[in-house]
Amino acid sequence: MSAIPRPLTGARVGVVVFPGTNCDRDTVAAVEACGGRAEAIWHGDAASLERWDAIILPGGFAHGDALRAGAIARFSPVMARVIEFAHAGRPVLGICNGFQVLLECGLLPGAMLRNDSLQFRAGWVHCRVEAASLFTPLEAVGSVLRLPIAHGEGNYVPAPDDAPTVILRYCDAAGQISAAANPNGSAQGIAGIARGSVLGLMPHPERACDPLLGSTDGQLLFRSLLRALVEA
Amino acid sequence: MTAVNAPAPPGPLTSMEEAQVRELLGREPNALELALFGAMWSEHCCYKSSRHLLSRLPKEAPQVLVPAGEENAGVVDVGDGLAVAMKIESHNHPSAVEPYQGAATGVGGIVRDIFTMGARPIALLNSLRFGFPNARRNRYLLSRVVAGIGDYGNCLGIPTIGGELFFDGTYDGNPLVNAMCVGLLRHDQLVRAAASGEGNLLLLLGNATGRDGLNGATFASVSLGEQSLAQRPAVQVGSPFLEKLLIEACLELLAGSLLVGLQDLGAAGLTGSGVEAAHRAHSGVEIDVAAVSRSEEGLTPLEVMLSESQERMLAVVRPGDVAAVRQVLDHWGLRSDVIGRVIARPLLRVLEGRSLCAEVPIDALTEQAPSYVWPEAAPREMRATASLPAEPLELLAHPNVCSRAWVARQYDQTVQAATVATDGADAALVRLPGSRRALALCTDGNFGSSDPYLAGALAVAEATRNVSCTGATPWALTNCLNLGSPEQPAGAWELARTVDGIADAARALNVPVISGNVSLYNEAAAAGPDATGDGGFPGMTRIRPTPVIGMLGLLDDVGQACTIGFKRAGDVIVLLGPLGGPLDLAAEVAVQRACRDAIAQGWLHSAHDCAEGGLLVALAECCLRGGLGARICIETPALDVLAESPSRIVVSLAEEDLPRLSGTPVLRLGTVAGDRLDISTASAPVCSLGLEDMRHAWEGGLERWLTESSAPA
Amino acid sequence: MSSYLARVYVTPKRSVRDPEGSTVGEALRQLGFDSLQAVRAGKYFELSLEAGTSGEADGAVERMCRQLLANPVIEDFRFELQVEASSE
Amino acid sequence: MSSYLARVYVTPKRSVRDPEGSTVGEALRQLGFDSLQAVRAGKYFELSLEAGTSGEADGAVERMCRQLLANPVIEDFRFELQVEASSE
Ligand SMILES: Nc1ncnc2c1ncn2[C@@H]1O[C@H](COP(=O)(O)OP(=O)(O)O)[C@@H](O)[C@H]1O
Ligand SMILES: [Mg+2]
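Protein chains in written order, with our numbering: chain A, 26 to 257; chain B, 100 to 812; chain C, 85 to 172; chain D, 85 to 172.
None of these hints come from the bench; they were simulated from the model. Fair warning: this is a prediction, and the values are worked out from it, not measured in the lab. Ideal placement from N, C-alpha and C gives every residue a C-beta, glycine not left out. You may find that some hints are simply not true.
What follows is a list of derived Cβ distance ranges for each label pair [to be verified]:
(1) 166(C) <-> 69(A): 34 to 44 Å
(2) 197(A) <-> 178(B): 36 to 46 Å
(3) 297(B) <-> 112(A): 52 to 62 Å
(4) 802(B) <-> 170(D): 36 to 46 Å
Derived, one-sided and incomplete: chain D residues facing chain C with beta-carbon distance under 7 Å [to be verified]:
(5) 125
(6) 127
(7) 128
(8) 130
(9) 131
(10) 132
(11) 133
(12) 134
(13) 151
(14) 152
Generate coordinates for the entire structure from the input sequences, incorporating the hints supplied.
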């Protein structure tokens with residue numbers, strides 16, 4: 026992806042920690058590696074999110090994924106603030122479990138079913154960038170990102186009459202959408218969707234920010250966000 | 100003391116042991132006391148049949164910070180002020196009864212052993228054994244065990260980065276599930292699980308106590324056929340969510356220096372953990388069972404003391420710190436009860452409110468536990484593993500050879516963003532924070548030998564070789580001894596021979612044994628070709644001796660890590676090490692050193708050791724991982740492509756670097772070329788396999804076995 | 085106050101895919117249950133609660149279902165209420 | 085042949101821990117449902133099947149439960165059977 030000469034410091038990103046969240050530290054590290062400043066926010070904290078420029082709901086198993094992934098987390102005190110924050114047009118990113126929370130709380134439309142294999146699925150996937158958003162610049166549309174996934178409930182179903190903007194779809198290395206490239210049975214191969222300033226995606230960009238870990242494609246999302254924040 | 104006159108429940112103690120208890124106490128024990136002895140003197144808790152053997156293992160080395168046998172896990176220095184805690188443990192019998200929960204709680208238990216040391220768990224591995232997957236029960240066990248391991252570790256956010264899976268008829272009815280956890284800590288974060296300081300309080304954290312897992316320690320110490328279903332403990336159900344909260348809360352408490360000691364509750368529950376913690380501090384503990392939160396009503400003191408309810412920790416806290424500790428626990432939504440205190444006299448005192456239910460010297464429960472040297476006798480015949488097919492594609496699809504991707508894709512391997520991406524390496528690599536150094540990790544058991552001595556030695560040889568093939572230096576190992584009953588002469592002989600094999604190989608390869616676990620009585624009532632007529636329990640199938648080694652290696656520069664796949668057409672392919680023959684530890688040391696040195700100098704393009712399926716499978720895997728073919732011509736008749744002889748590594752490198760290989764036998768095999776694996780001898784072609792055909796056979800192998808009900812035997 | 089037992093059934097909406105149901109159905113057919121036509125897989129909860137009247141209990145369970153137990157995008161729910169014991 | 089609908093309820097055995105039920109109960113109490121005493125979380129299946137007699141259907145469902153739908157080591161099950169339609 027494009028080189029970023031410009032320092033992206035200054036942008037402050039709050040990373041919400043629910044009981045059972047387990048990607049908070051990775052996410053903080055990835056944001057900082059991309060030039061932002063990040064800190065954890067405890068889910069029970071109902072204080073205003075004014076001091077943050079963006080909020081990330083990271084991956085994990087909030088409340089052990091009891092009932093449905095994200096079902097209980099949406100009632101955490103911080104979530105009322107996150108919803109206000111999003112409604113004010115400010116950026117919210119939900120990764121994996123965070124995406125599931127965004128669906129349960131209604132910031133994004135649709136719901137997650139268990140993977141069609143009924144098994145947890147982990148590994149590397151390819152995703153094609155389908156549309157521009159705060160997190161995916163126009164020039165990246167059509168490009169293919171290589172990212173890790175790790176989830177048991179990633180089988181997305183859209184809500185009736187409420188189609189989201191699809192940002193990422195599972196594809197093969199060449200960018201072709203196919204059933205074989207879809208790891209969980211998700212409708213239309215959907216891996217990530219957006220509405221306004223809110224993006225949810227199942228893959229883990231924070232685990233793809235270092236060449237030693239196999240990919241740096243995850244930086245695209247964080248850098249686009251940070252650049253948008255600095256330019257704003 | 101309340102007189103308890105009821106006859107003791109049919110306990111696990113022998114009448115001789117009961118007499119010993121009477122003598123140690125100088126009086127008649129009550130039923131609770133007898134049960135405490137029963138649990139603490141079980142094989143699972145006191146290693147009474149293996150303790151004398153474990154002293155044969157090499158435990159010392161300059162890097163060892165906490166040696167085997169002292170704490171919940173061994174700890175080694177890994178440089179830069181960092182240390183690694185690691186241990187492997189079995190959960191075989193629970194997994195035979197309820198594979199999902201058995202395996203899940205096995206992971207939960209070993210993770211607690213690691214964070215008890217003050218370490219953050221950074222990796223999980225496992226080692227699995229089942230009967231052949233043509234039997235539906237074995238397929239069911241495998242898929243549920245894998246789901247249980249995956250779900251637990253995934254939820255904790257600890258990557259499951261390695262493991263092994265092997266099928267054999269002797270595991271019908273007694274599968275093996277061994278889980279290993281690796282934790283990382285700074286030297287100054289190391290804590291001891293000691294109940295020290297008279298007057299300090301005991302806090303029980305986490306799950307409420309119920310009847311689940313009652314008598315688990317005893318259950319693990321008898322054969323599966325010996326107990327009726329009704330006697331088996333209620334199945335333990337795990338909650339990885341609760342465990343995740345415990346990890347975070349305990350690490351926060353330790354970071355704030357709020358704990359004097361921390362001990363997990365494992366075998367024998369509160370008894371095991373209170374007694375161990377007191378023993379380490381030469382102190383005593385007083386526990387009031389009435390103060391313990393229950394998940395069900397009507398628990399007796401005995402049930403509270405021996406419950407193995409999961410996800411509980413015992414913390415030793417200064418009275419003045421209780422409020423601060425509770426604040427941290429409240430934040431994490433964790434319950435805690437002050438259930439007792441540290442006392443100066445080395446006693447375990449069990450109270451129920453004001454009444455004393457049991458009072459037993461700590462030493463009597465620990466140091467004075469019996470130790471047995473069972474009579475040994477070699478079995479009449481040793482059992483070889485089922486032979487592998489000779490047809491190459493059938494071989495690649497065989498359940499003991501084919502790809503394990505079906506298993507691995509159910510494990511989150513990338514959480515914590517430290518798992519180094521490879522195209523397949525003989526050991527998993529985890530990067531250390533803030534440096535280019537990495538840990539190399541793997542688990543290995545024996546695949547080839549029917550002699551338990553060789554099984555032990557080969558397991559160590561293979562595990563160190565796997566680590567060496569990445570370029571890492573073998574640094575420390577943990578081991579799990581899975582065997583049959585030592586009360587039978589053949590079982591005792593196998594146990595002793597296995598330990599000797601591990602000990603000799605670990606010494607030769609210069610790797611300290613820093614922790615481990617012993618799981619005996621792995622045998623089940625199963626008739627079949629393997630039913631023992633060789634000195635085992637009549638009608639019982641004793642598993643083949645299965646030593647499992649968990650290996651830690653250190654890699655200086657992760658950028659130099661060597662992987663399996665061929666990298667470049669035109670490279671020469673070379674076999675390092677002896678062409679065949681039995682294990683020779685000096686040759687093993689030499690081949691590993693030659694491989695590591697070459698990797699460190701940066702001119703080796705790939706390295707892969709020969710394991711199951713011998714040279715043929717190793718070459719096929721190098722081709723598949725690299726997406727490149729190979730042209731192999733074997734000119735020496737001494738080399739059998741299917742033989743599984745040890746100490747051999749297939750490497751590839753540029754032609755001009757060939758002369759630089761030294762210190763071990765070097766045999767040129769051929770070159771990387773095309774998209775087929777062509778093997779011929781001087782006289783005739785052996786096989787010519789297309790990459791895609793090999794991939795189909797190898798990659799889809801396991802899934803076909805598991806989904807096609809007509810899978811071949 | 086009386087004690088009530090509520091039995092709550094949460095099922096996938098007819099219009100929504102049911103991966104668990106299809107997989108379970110497939111597995112049962114593989115086991116030889118050829119006469120099986122279809123399987124729907126859902127969730128089942130038993131809630132014990134206290135309430136002054138059965139109307140109150142009914143209202144509380146309804147709200148629990150709407151707020152948490154079922155996700156209206158993909159699931160339907162129904163429940164049955166039963167008095168367990170009345171304390172005066 | 086007739087068509088039957090079987091409703092199958094699978095619940096964790098009383099003696100077995102139910103972390104999902106406890107977590108859901110805890111969440112509901114946090115939402116203000118203080119009168120909630122306990123929650124047990126289980127599974128619910130609707131099976132459509134064909135059988136000659138209701139006895140046959142009953143036997144088949146019982147076997148499906150034992151073999152696959154419930155894990156007898158940790159779960160109990162019960163089911164209800166209902167005739168949907170008879171073809172002659
Ligand atoms: N085979 C073995 N080799 C080396 N050390 C062992 C072996 N088996 C047990 N140990 C050591 O004995 C101690 C007690 O083990 P164990 O009872 O399994 O611990 P825990 O109760 O904490 O799970 C530990 O320090 C363990 O590492
Ligand atoms: Mg322990």
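Hints, verified against the model:
no.	hint	result
1	166(C) <-> 69(A): 34 to 44 Å	holds, 36 Å
2	197(A) <-> 178(B): 36 to 46 Å	holds, 42 Å
3	297(B) <-> 112(A): 52 to 62 Å	holds, 59 Å
4	802(B) <-> 170(D): 36 to 46 Å	holds, 42 Å
5	125	holds, 6 Å
6	127	holds, 6 Å
7	128	holds, 4 Å
8	130	holds, 4 Å
9	131	holds, 5 Å
10	132	holds, 4 Å
11	133	holds, 5 Å
12	134	holds, 4 Å
13	151	holds, 6 Å
14	152	holds, 6 Å
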